[in-house]
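Start from the sequences, fold in the hints, and give me the full structure.
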Amino acid sequence: MKTVYTRPKSLKDAPYHYCPGCGHSIVHRLICELVDEMDLRGRIICIPPAGCAVLAYNYFDFDTCESAHGRGCAIATGFKRARPDKLIFTYQGDGDMAAIGTAETLHAANRGERITSIFINNAVYGMTGGQMAPTTMVGQKTSTSPYGRRTEIEGYPLKITDLIATLPGAAYVTRTSLATPAKIRETKRSIKKAFEVQMAGIGYSLVEILSPCPTNWKVTPRESFTYLEEIMEKEYPIGVMKDITAKKEG
Amino acid sequence: MAAKGKIKIDQVLCKACELCITVCPEEAIRLSAGLNDKGYHPAEFCKDSCKGCALCAVMCPEVVIEVFRE
Amino acid sequence: MSKKVLMKGTDAIAEAAIRAGCRCYFGYPITPQNEIPEYMSRRMEEVGGVFLQGESEIASINMVLGAAATGMRAMTSSSSPGISLKQEGLSFLAALELPAVIVNINRGGPGLGNIAPSQGDYYQATRGGGHGDYRMPVYAPASVQELYDITMRAFDVADLYRSPVMILGDGMMGQIVEPIELNERPEADLPPKDYILDGADGRPSRIIKSLILDPAEMEEHNWKLKRKYDLMLKSARWEEYLTDDAKLVVIAYGTAARIAKGAVKRARSEGLKVGLIRPITLWPFPEEAIRNAAKHSKVFLAFEMSTGQMVDDVRLALEGRAECEFYGRPGGVVPLPQEVAMIIQRIWLQKEL
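Chains as they are written, first to last, in our numbering: chain A, 1 to 250; chain B, 251 to 320; chain C, 321 to 673.
Think of the hints as simulated: they come from the structure by calculation, not from any bench.
Incorrect hints may appear among the rest.
The calculated lysine-lysine pairs, modelled on PhoX-like cross-linking and capped at a C-alpha distance of 20 Å, are [what the hints assert, rightly or not]:
id, chain 1, residue 1, chain 2, residue 2
1, A, K2, B, K301
2, C, K671, C, K618
3, B, K301, A, K12
Restraint-style ranges between C-beta atoms, simulated for each label pair [said to hold, decoys possible]:
id, chain 1, residue 1, chain 2, residue 2, range
4, B, E320, A, M38, 24 to 34 Å
5, A, K218, B, K254, 32 to 42 Å
6, C, H451, A, K2, 20 to 30 Å
7, A, D162, C, P499, 53 to 63 Å
8, C, D550, B, H291, 52 to 62 Å
9, B, H291, A, K12, 44 to 54 Å
Note that the Cβ used here is the ideal one computed from N, Cα and C, for glycine as well.
Here it is as structure tokens:
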């Protein structure tokens with residue numbers, strides 16, 4: 001029998017510390033599959049965030065440089081400006097990307113930095129124990145919004161990907177989901193496209209990935225994937241928001 | 251004739267999230283009765299009906315499923 | 321001997337950095353140091369380097385961090401409130417053991433304060449203003465030539481110890497114009513940069529990280545850094561002026577040291593045996609020089625353009641061997657040498673020297 005699917009080489013042989021059903025685990029694997037398939041190991045550098053995924057460097061068998069909370073896009077800018085020949089991507093959560101790092105993210109995108117951001121949106125702060133995120137949905141209960149997010153008190157979910165899509169420096173901006181195998185495959189295609197856009201030197205590329213956090217959503221992994229598709233995708237519709245390569249071709 | 255497939259699950263590392271079970275079109279995966287070292291009932295391959303579609307592996311967060319096809 | 325050129329302090333810093341091989345500058349405008357980014361924006365283009373104005377001081381220091389991780393010589397500059405913002409990045413640079421040069425052209429504070437010369441940032445420079453258990457070499461130049469030479473040296477020290485290095489000037493040091501020699505960079509024996517990230521092409525992948533969850537491992541990292549800081553202690557530098565027979569020694573750095581020198585000259589002309597020790601490194605602090613001076617001088621005077629910060633280090637260095645008086649002018653006030661000479665005379669009489 002021939003092997004149809006096996007563990008990607010770039011994913012170290014280390015068991016994940018992530019909770020059962022965690023989206024980080026899936027996205028890490030997709031990235032490593034692409035690193036193998038696109039033969040990127042010798043030029044790719046990842047900037048993991050502060051948060052659960054800070055330990056990404058325990059799994060990625062390619063160069064990684066830790067970042068302070070929210071500073072990923074600034075560090076990636078330093079990397080890319082110093083070494084434009086390298087493929088630099090930030091791996092960021094919602095707090096990192098859309099709260100503490102909003103300025104770094106928006107300005108890197110607006111400068112059209114030739115970097116890629118992989119943005120994991122699970123609508124909570126995972127590592128710190130399920131507090132409210134900028135992307136927490138209205139009504140959603142978290143450990144710091146125990147009555148559900150109320151717009152008059154906590155304001156609205158911040159759709160930073162939509163904001164970035166309006167910036168001229170952003171070349172490719174999309175939102176995907178991990179809810180089904182088909183959507184996971186689409187997520188992988190989107191990350192590939194984002195890397196290609198960076199390598200073509202066109203501009204900033206961003207893939208927002210709606211991702212489950214069963215532990216902090218306080219549901220089973222099975223339920224979390226249903227929640228992802230039925231609730232989160234309603235608030236955050238998936239699809240390509242901007243692709244300047246498509247315009248050129250059109 | 252439909253393709254015939256087989257999967258191998260690393261039961262030591264499986265965290266029993268059941269996502270493979272939810273996506274398997276052939277219902278060829280179930281949770282085992284035994285426990286692994288982490289205290290989970292790991293997923294196990296249970297039927298010959300597998301076509302090797304690899305949806306389980308695409309879904310598996312722990313990357314513990316290998317898929318083979320004839 | 322090369323020809324002397326007239327140069328402004330801020331420009332001397334920038335030119336020295338370029339000649340030291342710095343090819344990445346990231347910064348955010350703040351007075352009184354804007355001439356550094358302005359100079360860099362022109363010069364980096366000429367030498368094929370990177371100049372980028374960040375969206376904030378926080379972003380700029382993190383850009384420096386990224387560039388440093390690739391092995392490029394990188395720097396940033398700012399002034400007091402901006403340095404406060406950079407402290408997060410300084411802690412990370414120290415933890416990740418990445419080299420970088422940070423210039424602080426100290427202005428009046430706290431808060432927005434003003435844009436006049438001040439030395440109120442002594443603590444935030446020498447006490448590792450960022451979080452955690454770390455140290456950082458801090459230089460306090462007192463002339464444009466020294467700004468130039470020290471900036472050049474700072475990049476070597478940063479590479480040698482894999483550490484951020486701070487140059488602490490003040491508004492006066494930045495604005496002053498003096499003739500200087502544009503010396504070439506002296507040869508330096510530096511370790512290879514085997515930590516840099518440039519893609520794992522034919523080598524094992526590398527990680528640059530500071531998260532060490534196991535307390536025992538974190539403790540080992542802390543002690544490793546401490547051993548490095550102990551090595552740095554040997555590199556204290558200072559200038560002594562008329563200290564051999566001095567019965568009263570003034571301790572002052574940067575602009576305050578220039579004023580103090582004038583005051584010491586006046587006191588000497590009145591027949592008072594007064595000397596000056598000018599710390600060139602603020603961390604490590606030249607404790608040895610101060611203890612040596614305490615062998616013949618029982619009275620010291622710390623003079624600072626602040627309410628008194630370095631004076632603590634003088635007293636720590638003295639370990640009770642001699643008294644240390646303090647005179648300060650905070651808030652951006654730059655006193656004349658006459659004023660400090662009067663203080664010296666008063667202390668001389670009070671202490672019956």
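Structure-based check of each hint:
no., hint, result
1, K2(A) with K301(B), "13 Å, holds"
2, K671(C) with K618(C), "10 Å, holds"
3, K301(B) with K12(A), "28 Å, violated"
4, E320(B) with M38(A): 24 to 34 Å, "29 Å, holds"
5, K218(A) with K254(B): 32 to 42 Å, "41 Å, holds"
6, H451(C) with K2(A): 20 to 30 Å, "54 Å, violated"
7, D162(A) with P499(C): 53 to 63 Å, "57 Å, holds"
8, D550(C) with H291(B): 52 to 62 Å, "54 Å, holds"
9, H291(B) with K12(A): 44 to 54 Å, "26 Å, violated"
Checked against the numbered hints listed earlier, the structure breaks hints 3, 6 and 9; every other hint is satisfied.
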